[in-house]
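Novice: Starting from the given sequences, assemble the full structure and let the hints guide the process.
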Amino acid sequence: MKSAAGTAVAVWSGFVGALALLLAIWVPGDELANLLLWGAALAAATLAAVLAILARRAPAEPKLLAVPDLSLAAVLIALGLIAMLVAGAAGLWLLYIGAGLLAFGAANLVRELRAARRRP
Amino acid sequence: MTALAPAPVTRPTPASGVIEWFAGTDHKSVGVRLGVTAFVFFLAAGVLALLMRSELAEPGMQLVSRNTYNQLFTMHGSLMIYVAITPLALALGTYIVPLQVGAAEILAPRVALVGYWLLLAGGITMCTGFLTTHGAARAGWTAFDPLSDSVNSPGTGMDLWIIGVTLAALGATLVAACVLGTILVRRAPGMTMLRIPVFCWAMLVTCLMVVMSFPVLVVAMALLYVDRHFGGVFEGAGGAVAYQHLFWFYGHPVVYVMFFPFVGAVAEVVATFSRKRFFGYKAIVLSLLVFAAISMSVWAHHMFATGQVKNQYFALTSMLLVLPAGVEYFDMIGTMMGGAILLRTPMLFALGFLIQFLVGGLSGIFVASPPLDYHVHDTFVIVAHFHYTLFAGSVFAFFAAVYYWWPKMTGRMLGEGLGKLQFWVMVIGTNLTFMPMFFLGNDGMVRRIADYTPQTGWQHLNEVATLGSYLIAVSVAIFCVNVFRSLRAGTPAGGDPWEGQTLEWATSSPPPRHNFDRLPPVRSHAPLLDLREERQARGAGAPA
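These protein sequences, in sequence, are chains A and B. Here the first sequence is numbered in my numbering, starting from 1 and rising by one per residue. Here the second sequence is numbered in my numbering, starting from 121 and rising by one per residue.
One should not assume that every hint holds.
Okay, the calculated bits of chain A under chain B, using three or more residues with CB under 8 Å as the criterion [said to hold, decoys possible]:
(1) 9–15
(2) 19–26
(3) 29–37
(4) 40–46
(5) 65–72
(6) 81–92
Each pair of labels, with its calculated beta carbon distance range [claimed, not checked]:
(7) B/439 <-> A/14: 18 to 28 Å
(8) A/104 <-> B/485: 48 to 58 Å
(9) A/104 <-> B/274: 29 to 39 Å
(10) B/654 <-> A/104: 49 to 59 Å
(11) A/54 <-> B/562: 51 to 61 Å
(12) A/91 <-> B/139: 23 to 33 Å
(13) B/641 <-> A/64: 16 to 26 Å
Partial chain B-side listing against chain A, Cβ under 7 Å, derived [said to hold, decoys possible]:
(14) 230
(15) 283
(16) 416
Derived from the structure by calculation, the hints contain no laboratory data. Values in this document were obtained by computation on a predicted structure and should not be read as measured data. No residue lacks a Cβ here, since even glycine has one placed at the ideal position from N, Cα and C.
Specialist: Now the structure itself:
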């Protein structure tokens, strides 16, 4: 089932790769344009390869999934990232607050994941 | 025969209220919050557009200064692209995709939640530029360098815009990665890749494009920020072109990110309201893959006028787009042919999308030709072209999707009367607004100007366009009234009010926390239609 997912992404990366090849033949001198299109094709090919590997390792029966209803850790991580980026306009002080929030959020995430693993 | 959905483990007490709004990870809740947030930004961007149209209705400066006008068009485009239409598309995917593939939850729900907060913060950060001394960003939604550098765009507003765009792009990438992963690895038993609905295929290619192209925008924004504060990044003519390459490698695919999900939604609507299985399923799947691949390789057609790109390659790939687009139209028409078409509100909006997008698409073929592009470059022809694709196309399809899936999301129907009224007012408003722009642009009216002289003779067409924009505002107001009435006292929808064909209609409206207790067997991309046909064949005739 999942190998077909890899195939779909591989087909898409093949199409992008073909267009990148055409670009490389037609416009060899434009390094940035070639880099961008080849980059997309290779990134998609990598994703397809990862999916193929995952499909081989997948268990036959679907596993029970621990799904969180709430995640304050995710919100803290988001707020940390936001603060760190907005620091680019507001000043260095916000960068420190953002880093603190990010660290606190990451610690909470570890706690959430451990708690989820402990549940039957 | 039924298959058990993968049973998730969850906390015994479901979250609710403010904390749920703040930190809830249910894909339906994240999808609704993302959709509502994006719609609020859509309304804000619409208000900015009304101010611009009011200013342009007559020659002379009436309402705003030239500087403010520059901020208005910059923020209108930025809000619409970065935090309104793109997130609306992703919101639909976040809500609907797990239901359609029979998953209990989106892949990595915490990551989707982080994505939502980044998108929200991105929009707010951009808008806070209005509160700064120099005002909001005014270098256009593209922020071309050197127009956006520290000399030509001084002040914090431009920095806030860069940070806001970065946050929005990161947020969209995270949400898209979750939706993509859900399609690829969270499908229910029996739901093979060639059985996922057309909407899911459309979301798959959309999310692939987001994941491959949006990070390039983040890089472009980071470099622009460094260039503004430290210099030395985009220096000289080569630097300006390099910025454009980076920007348009995101900037063109994003047009399709704002298009494919709505094509998918329209495909679902057309099949359901034609009472037929979607015609040419495999052809549309292939066309979506080809379409998405080609649209990754056309970005430099925005740069024809720079003289720094190989126009032939990008003109060829741009014109190739017509082939997969033609397949999609062919399939939609094939689905309707011989069907028992029901002209309910979602179907009207879907038809509106199909007809009006054609104007945008066909005018796109004209501007894919470099000689014609030179003539109309930076004129109102371009404004008309992309508004026919994004507004007359995508926004109409968005409303088709909302009217179609609203009963699933809320358990209540939207009013048909108000829906049809909204449709017709919006059709008239849209065409009055954007059709005159083709003539204005061809006559030489360039975009991003706050004023024109009476001698140009452009006043009457501008008045018509302004009147049309007010009609669009009225149509959106009708929609808001419809939503309010539905939430207060809408007719209960039941699980499957439209006799849908895909899995989301096999559960209650709104769906329970983990979507399904049991799943019907999946033997095609229209499992509920299969069940219905099976029962009819057995003589029961009862709906699924």
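Novice: Each hint: holds or not?
Specialist: We went through each hint and held it up to the structure:
1. 9–15: Check passed, 4 qualifying residues.
2. 19–26: holds (count 5)
3. 29–37: It holds: at least three residues are needed, and the stretch 29–37 of chain A offers 5 whose Cβ sits within less than 8 Å of chain B.
4. 40–46: holds (count 3)
5. 65–72: holds (count 8)
6. 81–92: holds (count 6)
7. B/439 <-> A/14: 18 to 28 Å: holds (21 Å)
8. A/104 <-> B/485: 48 to 58 Å: holds (53 Å)
9. A/104 <-> B/274: 29 to 39 Å: holds (36 Å)
10. B/654 <-> A/104: 49 to 59 Å: holds (55 Å)
11. A/54 <-> B/562: 51 to 61 Å: The hinted range 51 to 61 Å holds for residue 54 of chain A and residue 562 of chain B, with Cβ atoms some 53 Å apart.
12. A/91 <-> B/139: 23 to 33 Å: holds (31 Å)
13. B/641 <-> A/64: 16 to 26 Å: holds (22 Å)
14. 230: Result: holds, 4 Å to nearest chain A Cβ.
15. 283: Status holds, d = 5 Å.
16. 416: holds (5 Å)
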